[in-house]
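Heads up: the protein sequence lines correspond to chains X and B, in order. First residue of the first sequence? That's 1 in UniProt numbering, and the numbers climb one at a time after it. First residue of the second sequence? That's 1 in UniProt numbering, and the numbers climb one at a time after it.
Hints were generated in silico from the structure; no laboratory data involved.
Below, computed lysine-lysine pairings styled on DSS-like, alpha-carbon distance capped at 27 Å:
1. B:Lys95 with X:Lys78
2. X:Lys28 with X:Lys78
3. B:Lys68 with X:Lys95
4. X:Lys95 with B:Lys34
5. X:Lys9 with B:Lys11
6. B:Lys9 with X:Lys11
7. B:Lys78 with B:Lys28
8. X:Lys34 with B:Lys95
9. B:Lys9 with X:Lys95
10. X:Lys95 with B:Lys11
2 protein chains.
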Amino acid sequence: MIRVVCKAKLKPGVDIEEYLNLAREVVKETRKEKGCIMYTLNEDINDSSILTNIEEWVDEEALNQHNKSEHVLNIVPKLRELRESTEINLYREVKY
Amino acid sequence: MIRVVCKAKLKPGVDIEEYLNLAREVVKETRKEKGCIMYTLNEDINDSSILTNIEEWVDEEALNQHNKSEHVLNIVPKLRELRESTEINLYREVKY
Chain X
1 MIRVVCKAKL KPGVDIEEYL NLAREVVKET RKEKGCIMYT LNEDINDSSI LTNIEEWVDE
61 EALNQHNKSE HVLNIVPKLR ELRESTEINL YREVKY
Chain B
1 MIRVVCKAKL KPGVDIEEYL NLAREVVKET RKEKGCIMYT LNEDINDSSI LTNIEEWVDE
61 EALNQHNKSE HVLNIVPKLR ELRESTEINL YREVKY
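The following block holds chain X by itself, in its conformation from the complex:
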């Protein structure tokens, strides 16, 4: 299983609802994907221009498939236009 944190900072002046309406569509479609365990969109409590996906995928192949999906290819470029920055990290849980 892999976890993904995708932290986006919106450009100043961007309408957050415009961003969220597009992002909600990605959430809805992504949750139907076979290899998706968890896919959430989260707003920073202290800064509403920081919007972060916290995700769990069965494996890296599932994430690769996601990145080639129609909803990602169609909608994510529009989201990126509204962002100042995007920070993506892929993680494996450590052994305890």
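Assemble chain B onto chain X, guided by the hints.
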């Protein structure tokens, strides 16, 4: 419910196992806390010096209690000494 992402970057040359041994103790004790839903420690797939907690708490009060716990007060300062940087964000999931 709130989510927390705490992303730490270790100082160059720090022994990752030394860091993990301390961090595992925090994980073990934190998972016993009443308001803790999920508490995981994750290593970046592409950079093993990036170690990130992905957490879920029942509410902000539970997180405040955690930050005053003995294991946090005793161990987290030692972890911070081994880190170059620490980035903490608190999140609420958006409405879909």
